[in-house]
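Residues per chain, in single letters:
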Amino acid sequence: MIWLTWRQFRAQAITAAAALAAFAIVLAAAEPSLSGVYHSSGFASCHGAACTGLASTFINDLASGGGIAGVPETPYMIVYFLSVVVILIAPAIIGIFWGAPLIARELEAGTFRLAWNQSVTRTRWLAVKLALIGVAAMAVTEAFSLIQAWWAAPIGKAVGLGGSGSIFSETRFGVFVFPTHGITPLGYAAFGFALGVTAGLLVRRAIPAMAITLAIFAAAQFFTPLIRPNLFPTSQTVATIAATGANVSLTANPRLALTATTVPGHPGAWIISSDGVNAAGQPVSTVPAACEPLIPQTFVSHRGPATSGPGPNALNNCVASHGIRVAERYQPASHYWPLQWSETGMFLALALALTWYCFWRLNRRRRLAR
Amino acid sequence: MTAVIQTGELGKRYHKTWALAGCTLSIPAGHVVGLVGPNGAGKTTLINLATGMLAPTAGTIEVLGGRPASDPAQLARVGYLAQDAPLYAGLSVADHLRLGAHLNGGWDAGLARDRAGRLGLDLGQKAGTLSGGQRAQLALTLAIAKRPELLILDEPVASLDPLARREFLQDLMESVAEQQVSVVLSSHLISDLERVCDYVIVLAGSRVRLAGPVDDLLATHHLLSGPRRDPASLPGEVQVITASHTDVQSTLLVRSSGPVLDPAWAVSGVGLEDLVLAYMKQAARPAPRSSRRLEVQK
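From first to last, the protein sequence lines stand for chains A and B.
Start counting the first sequence at 0; every next residue gets the next number (numbering that gives the first Met the number 0).
Start counting the second sequence at 0; every next residue gets the next number (numbering that gives the first Met the number 0).
Hints are not guaranteed to be accurate.
Claimed, not checked - Stretch-level coverage of chain A by chain B, calculated; a stretch enters the list once three of its residues show a Cβ under 8 Å from a Cβ in chain B:
#: 1; region: 3-15
#: 2; region: 199-213
Stated by the list, open to error - Facing chain A, a subset of chain B residues (Cβ under 10 Å, in silico):
#: 3; residue: W17
#: 4; residue: A20
#: 5; residue: P37
#: 6; residue: N38
#: 7; residue: D70
#: 8; residue: D83
#: 9; residue: L86
#: 10; residue: A108
#: 11; residue: G109
#: 12; residue: R112
#: 13; residue: A142
#: 14; residue: I151
#: 15; residue: P262
To be verified - Label-pair ranges, simulated between beta-carbon atoms:
#: 16; chain 1: A; residue 1: A138; chain 2: B; residue 2: T23; range: 21 to 31 Å
#: 17; chain 1: A; residue 1: N229; chain 2: B; residue 2: G104; range: 44 to 54 Å
#: 18; chain 1: B; residue 1: S69; chain 2: A; residue 2: P207; range: 56 to 66 Å
#: 19; chain 1: B; residue 1: A72; chain 2: A; residue 2: R6; range: 46 to 56 Å
#: 20; chain 1: A; residue 1: A217; chain 2: B; residue 2: G65; range: 45 to 55 Å
#: 21; chain 1: B; residue 1: A108; chain 2: A; residue 2: I226; range: 24 to 34 Å
#: 22; chain 1: B; residue 1: E8; chain 2: A; residue 2: I226; range: 49 to 59 Å
#: 23; chain 1: B; residue 1: G104; chain 2: A; residue 2: R360; range: 20 to 30 Å
#: 24; chain 1: A; residue 1: I226; chain 2: B; residue 2: P71; range: 53 to 63 Å
Source of the hints: derived by calculation from the structure; they are not laboratory data.
Computed from a predicted structure; not experimentally measured.
Just so you know, even glycine gets a beta-carbon here, dropped at the ideal spot from N, CA and C.
Assemble the whole structure, with the sequences as input and the hints as a guide.
Structure below.
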């Protein structure tokens with residue numbers, strides 16, 4: 000059975016190996032120049048408090064093409080962006096091209112009658128296929144992730160220290176960074192593959208199964224960030240506007256919005272929400288009347304935080320002087336791995352449930368081909 | 000001898016249509032069994048139940064004393080050649096033989112190689128480029144080289160031209176004689192079966208109409224012709240299968256264990272093809288149910 004699985008999977012395996020090799024070569028080729036900027040910015044050899052400033056220097060250098068003559072402005076952005084996208088879509092590609100045809104092709108071509116009438120039960124047939132190709136799916140996706148993590152390590156370090164510029168602004172909790180690093184790629188790969196296999200078994204035709212796989216996987220990828228903050232219990236704190244690095248901004252009416260940038264005492268925390276509260280801890284949704292004259296005219300017509308000028312700072316101070324503080328809900332940096340395990344576990348559990356369904360469905364021996 | 004296929008009130012329903020109903024059979028070992036009936040009669044359904052591709056809706060089925068496809072040992076005992084001889088188009092002939100060797104503990108590599116050589120199959124050729132006859136031969140090789148006790152073939156020659164058809168059946172008969180294997184093969188053409196089968200089962204309208212050794216069936220069926228008269232006047236032990244009348248003459252196909260002694264009838268023997276057609280006709284006559292949607296399975 001292992002021989003047959005390999006024989007039928009050979010072409011896809013070679014394609015995946017080639018893609019992985021190309022990915023590694025591109026990033027390896029881009030590594031020396033990234034490393035050059037890393038060192039030339041001084042960030043590589045920084046110590047202590049100096050690192051924060053140098054992290055910003057490094058990120059700014061990257062965003063502007065490293066200041067190296069002849070280097071266009073955006074190569075690092077393009078490589079960084081594409082490499083993350085590859086990891087993001089790899090599980091979908093695997094589900095579409097490895098998962099969906101796995102059973103559907105056999106049903107379409109009638110070869111399941113050949114395969115299931117050798118001296119091997121269909122349970123074993125499916126078990127060997129799912130185990131070998133499933134492990135390959137997880138290994139390939141994780142390999143993409145590890146190669147990218149190696150290449151982007153200086154960027155991750157700088158962003159973690161507050162450096163931020165153009166697309167290099169996501170911490171490891173970021174919407175694109177979190178599901179492409181750590182162990183989450185394993186969960187997504189297993190889920191994508193199992194989803195494809197199940198769709199193929201149910202739809203019985205490869206092409207529609209591929210489309211369904213893509214649609215459901217994309218939906219899962221879209222909705223997961225919405226539930227991610229709650230995959231592990233959050234922490235809460237209340238601190239002053241200054242301590243949280245918050246800025247007063249306004250939505251229409253004028254309503255008060257406070258966007259915190261740090262959690263005091265918890266560097267690297269992932270802030271999920273920040274809201275204004277009064278001394279009694281009750282939510283405050285409007286700017287105190289005394290501070291209203293300080294609201295810049297641009298706020299009335301434009302929403303969002305102010306970018307510069309003394310106005311907002313005066314407004315910040317005024318709001319703070321009225322006893323308004325910031326209530327933050329956050330995941331501390333120490334929750335990174337618990338969150339990784341939760342998300343990975345969730346997708347592995349889904350993959351297992353789908354796999355179990357496939358076995359059950361196959362052994363019900365209902366009519367599989369028309 | 001034990002039965003190769005034993006069924007009791009076996010039935011299979013697809014949604015609201017019974018593809019096979021009330022099928023009770025006991026096929027003894029050591030025969031080449033022809034499963035014959037019009038398209039959609041339930042032949043493929045019966046074969047799918049016997050190979051364990053489908054689970055029955057009603058009744059029981061045992062193949063060689065075991066539940067179909069229940070475990071590797073049971074799978075090893077039954078060779079199955081599905082309709083249209085499915086093969087992996089992208090795999091070569093040699094790959095298919097390797098597949099057989101890897102997936103069957105009892106694989107007879109020598110037999111497989113010899114057959115492939117004798118049939119002129121190019122080991123390097125992709126199965127997708129083989130002719131219909133070669134496909135059928137390769138699929139049969141896979142089914143035979145696992146050394147089964149029972150070989151089940153679903154319309155093995157339906158898609159072959161007359162020459163390939165003859166060659167296939169001839170080769171099948173030689174293999175059967177060498178290996179002492181029981182065979183069940185289905186066809187909607189009686190002429191295919193006539194030369195190779197010594198046991199016949201007629202399926203029509205999703206029910207078994209006739210089953211038995213060909214010699215016995217031919218010995219107990221007679222064609223009577225004589226002046227026109229009411230078939231009811233025949234003795235009770237004579238069962239009329241079909242009757243046709245002209246103004247002056249009646250022709251009856253009857254089943255009777257003893258000879259028909261009435262001197263008014265001219266009695267003659269009946270051929271297998273006429274016999275089978277008579278049972279199909281009888282099945283179609285009493286209730287041409289309009290709702291009978293014929294399930295054609297691929």
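Each hint tested on the structure:
no., hint, verdict
1, 3-15, "holds (count 3)"
2, 199-213, "violated (count 0)"
3, W17, "violated, 13 Å"
4, A20, "violated, 16 Å"
5, P37, "violated, 19 Å"
6, N38, "violated, 15 Å"
7, D70, "holds, 6 Å"
8, D83, "holds, 6 Å"
9, L86, "holds, 7 Å"
10, A108, "violated, 14 Å"
11, G109, "violated, 18 Å"
12, R112, "violated, 18 Å"
13, A142, "holds, 8 Å"
14, I151, "holds, 9 Å"
15, P262, "violated, 55 Å"
16, A138(A) - T23(B): 21 to 31 Å, "violated, 53 Å"
17, N229(A) - G104(B): 44 to 54 Å, "holds, 52 Å"
18, S69(B) - P207(A): 56 to 66 Å, "violated, 33 Å"
19, A72(B) - R6(A): 46 to 56 Å, "violated, 25 Å"
20, A217(A) - G65(B): 45 to 55 Å, "holds, 46 Å"
21, A108(B) - I226(A): 24 to 34 Å, "violated, 56 Å"
22, E8(B) - I226(A): 49 to 59 Å, "holds, 53 Å"
23, G104(B) - R360(A): 20 to 30 Å, "holds, 27 Å"
24, I226(A) - P71(B): 53 to 63 Å, "violated, 44 Å"
Checked against the numbered hints above, the structure violates hints 2, 3, 4, 5, 6, 10, 11, 12, 15, 16, 18, 19, 21 and 24; every other hint is satisfied.
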